[in-house]
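Going down the list, the sequences are from chains A and B. Numbering of the first sequence is given in the working numbering, commencing with residue 1 and proceeding in unit increments. Numbering of the second sequence is given in the working numbering, commencing with residue 1001 and proceeding in unit increments.
Simulated from the structure, these hints should not be mistaken for laboratory data. Check each hint, because a few of them may be wrong.
Below, a list of computed lysine-lysine pairs in the DSBU-like style, where the Cα atoms sit at most 30 Å apart [as the list claims (entries may be wrong)]:
{"hint": "1", "chain 1": "B", "residue 1": "Lys1028", "chain 2": "A", "residue 2": "Lys217"}
{"hint": "2", "chain 1": "B", "residue 1": "Lys1090", "chain 2": "A", "residue 2": "Lys259"}
{"hint": "3", "chain 1": "A", "residue 1": "Lys261", "chain 2": "B", "residue 2": "Lys1047"}
{"hint": "4", "chain 1": "B", "residue 1": "Lys1063", "chain 2": "A", "residue 2": "Lys193"}
{"hint": "5", "chain 1": "A", "residue 1": "Lys193", "chain 2": "A", "residue 2": "Lys217"}
{"hint": "6", "chain 1": "A", "residue 1": "Lys193", "chain 2": "B", "residue 2": "Lys1078"}
{"hint": "7", "chain 1": "B", "residue 1": "Lys1020", "chain 2": "A", "residue 2": "Lys217"}
{"hint": "8", "chain 1": "A", "residue 1": "Lys259", "chain 2": "B", "residue 2": "Lys1120"}
{"hint": "9", "chain 1": "B", "residue 1": "Lys1094", "chain 2": "A", "residue 2": "Lys259"}
{"hint": "10", "chain 1": "A", "residue 1": "Lys193", "chain 2": "B", "residue 2": "Lys1020"}
{"hint": "11", "chain 1": "B", "residue 1": "Lys1090", "chain 2": "B", "residue 2": "Lys1041"}
{"hint": "12", "chain 1": "A", "residue 1": "Lys259", "chain 2": "B", "residue 2": "Lys1020"}
{"hint": "13", "chain 1": "A", "residue 1": "Lys193", "chain 2": "B", "residue 2": "Lys1095"}
{"hint": "14", "chain 1": "B", "residue 1": "Lys1041", "chain 2": "B", "residue 2": "Lys1078"}
{"hint": "15", "chain 1": "A", "residue 1": "Lys261", "chain 2": "B", "residue 2": "Lys1063"}
{"hint": "16", "chain 1": "A", "residue 1": "Lys259", "chain 2": "B", "residue 2": "Lys1078"}
{"hint": "17", "chain 1": "A", "residue 1": "Lys52", "chain 2": "A", "residue 2": "Lys175"}
{"hint": "18", "chain 1": "A", "residue 1": "Lys13", "chain 2": "A", "residue 2": "Lys34"}
Just so you have them, the derived chain B footprint on chain A, three or more residues with Cβ under 8 Å [as the list claims (entries may be wrong)]:
{"hint": "19", "segment": "222-229"}
{"hint": "20", "segment": "263-273"}
For each label pair, taking beta carbons as the anchor points, the in silico distance ranges come out as [unchecked claim]:
{"hint": "21", "chain 1": "A", "residue 1": "Arg159", "chain 2": "B", "residue 2": "Ile1122", "range": "32 to 38 Å"}
{"hint": "22", "chain 1": "B", "residue 1": "Ser1116", "chain 2": "A", "residue 2": "Arg159", "range": "48 to 54 Å"}
{"hint": "23", "chain 1": "A", "residue 1": "Glu66", "chain 2": "B", "residue 2": "Glu1023", "range": "53 to 59 Å"}
{"hint": "24", "chain 1": "B", "residue 1": "Lys1077", "chain 2": "A", "residue 2": "Val176", "range": "49 to 55 Å"}
{"hint": "25", "chain 1": "B", "residue 1": "Ser1005", "chain 2": "A", "residue 2": "Asp267", "range": "32 to 38 Å"}
{"hint": "26", "chain 1": "B", "residue 1": "Arg1073", "chain 2": "A", "residue 2": "Asn262", "range": "36 to 42 Å"}
{"hint": "27", "chain 1": "B", "residue 1": "Leu1075", "chain 2": "A", "residue 2": "Glu225", "range": "29 to 35 Å"}
{"hint": "28", "chain 1": "A", "residue 1": "Glu113", "chain 2": "B", "residue 2": "Gly1029", "range": "56 to 62 Å"}
{"hint": "29", "chain 1": "A", "residue 1": "Asn245", "chain 2": "B", "residue 2": "Ser1005", "range": "37 to 43 Å"}
All values derive from a computational prediction rather than experimental measurement. Heads up, the beta-carbon is just placed ideally off N, CA and C, and yes, glycines get one too.
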Amino acid sequence: MFSQYFGQYLLSKGCLTIEQLKAALEYEKNTKVKLGILAMNAGFMSVDEIEKVHKEQARVDEKFGEIAIAQEYLTSDQLEILLSTQKQGHLVLSQCIVDKGFMTLTQLNTVMEAYISSLSLTMDDLKAFDEGKLLNAYIHFEDTLWHEIYTEYISLLLRNCIRFINDVPVIHIEKVDENYLSDWMVSQRIFGKFSMFTSLASNDTDSLKHLAELFNKESYDSFDEYAQDGVSEFLNLHNGIFLVNISNNGVVLDMVPQKIKNHVKLDELPECFKITLTWLWGSIDMIIY
Amino acid sequence: MMNKSKTILICDDSITSRRKLRETINSKGDFTIFEAENGQKAIDLYKTKMPDLVFMDIVMPVKDGVMATQEIRALNKKAKIVIISSVGTKENLKKALTCGASDFVQKPWEDAHIESILAKLI
């Protein structure tokens, strides 16, 4: 799951395009971490030393570890540690990005250091997977007094994606100044101490259908009544949990029943944000204002 | 196995939630189950079927679950109604108890919780 967050960071910094990130995440499924990446991550070898070993590997039929020990870049104890290191998401993604040629090892090393520094994390934190810090590092709602509420709402949405569909999306947040059009929209209004419009929208019914399938753990032939109900219930459950969390902080909120509409146009939207949720299997907008 | 003659009314605007709850209940014994998609339909069905137990969602169109619970309890002070909702706030818990609900289940529910309610209430 960590790779999604690191991928999100790379996306937000413009290091990768969304297409490259999706390709790397897809490739990640069947990739093992190479020792060079592990050695760099552990601080046992420099990028220069790793590249020298890679060049040597191209010349002779020897394993990475054998060459690194022969060149005294690694001790046998360090090699043992690397070999026994558990598979870690961000390392796998790093491997995929380098393999795909999207970034060089040096570029990746630089951005990884910046990432860790931006989160005020240590490598131990990273291994312990401090999700809260990881999420807050890239959820930014600019120019709005609602920053805190929206950040909490989207952090929870990502946690609920993990909890209920076991697949966290890459997100892209942008302010919607113009009208917003969508073929399908499931919406729900929250009201009370403050009011908030929430909706899941997409022109792609396959994406909506797939969300419903993952949530309900069953298949649908089309974006039919049951699939629509699945998306609707996912939003309702997410909003329900949001209300419980907010209520625990003393803010009483309620919500109206969800509505499903097609060919929707939203206009005159003050403080409206579109959060594009992208999974390997599709994309859905979360609209909040 | 529990008694086959017992009847249960499930009231939820989500067709999937109704089906899943029906499947959970059916896995715990043989019951006759009725379904309603909003609070008003639940009241109408309650009058004709007089079920032994009602599972009631809160946020629904036409008439919400709290109002429907109050009206059913006005019809029958001994009606057994369990609120089942994703909005398990302290305020809703209070509302549920005030309007006479016997229990509160937070969605997504644990099957064991439903089983214990069935064993306790009918």
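Tested hints:
no.: 1; hint: B:Lys1028 to A:Lys217; verdict: holds (21 Å)
no.: 2; hint: B:Lys1090 to A:Lys259; verdict: holds (26 Å)
no.: 3; hint: A:Lys261 to B:Lys1047; verdict: violated (33 Å)
no.: 4; hint: B:Lys1063 to A:Lys193; verdict: holds (22 Å)
no.: 5; hint: A:Lys193 to A:Lys217; verdict: violated (35 Å)
no.: 6; hint: A:Lys193 to B:Lys1078; verdict: violated (35 Å)
no.: 7; hint: B:Lys1020 to A:Lys217; verdict: holds (11 Å)
no.: 8; hint: A:Lys259 to B:Lys1120; verdict: violated (36 Å)
no.: 9; hint: B:Lys1094 to A:Lys259; verdict: holds (27 Å)
no.: 10; hint: A:Lys193 to B:Lys1020; verdict: violated (33 Å)
no.: 11; hint: B:Lys1090 to B:Lys1041; verdict: holds (27 Å)
no.: 12; hint: A:Lys259 to B:Lys1020; verdict: holds (21 Å)
no.: 13; hint: A:Lys193 to B:Lys1095; verdict: holds (18 Å)
no.: 14; hint: B:Lys1041 to B:Lys1078; verdict: holds (20 Å)
no.: 15; hint: A:Lys261 to B:Lys1063; verdict: holds (21 Å)
no.: 16; hint: A:Lys259 to B:Lys1078; verdict: violated (34 Å)
no.: 17; hint: A:Lys52 to A:Lys175; verdict: violated (47 Å)
no.: 18; hint: A:Lys13 to A:Lys34; verdict: holds (25 Å)
no.: 19; hint: 222-229; verdict: holds (count 3)
no.: 20; hint: 263-273; verdict: violated (count 0)
no.: 21; hint: A:Arg159 to B:Ile1122: 32 to 38 Å; verdict: holds (36 Å)
no.: 22; hint: B:Ser1116 to A:Arg159: 48 to 54 Å; verdict: violated (28 Å)
no.: 23; hint: A:Glu66 to B:Glu1023: 53 to 59 Å; verdict: holds (57 Å)
no.: 24; hint: B:Lys1077 to A:Val176: 49 to 55 Å; verdict: holds (51 Å)
no.: 25; hint: B:Ser1005 to A:Asp267: 32 to 38 Å; verdict: violated (56 Å)
no.: 26; hint: B:Arg1073 to A:Asn262: 36 to 42 Å; verdict: holds (39 Å)
no.: 27; hint: B:Leu1075 to A:Glu225: 29 to 35 Å; verdict: holds (31 Å)
no.: 28; hint: A:Glu113 to B:Gly1029: 56 to 62 Å; verdict: holds (60 Å)
no.: 29; hint: A:Asn245 to B:Ser1005: 37 to 43 Å; verdict: holds (42 Å)
Taken one by one, the earlier hints fail for this structure at numbers 3, 5, 6, 8, 10, 16, 17, 20, 22 and 25, listed in ascending order.
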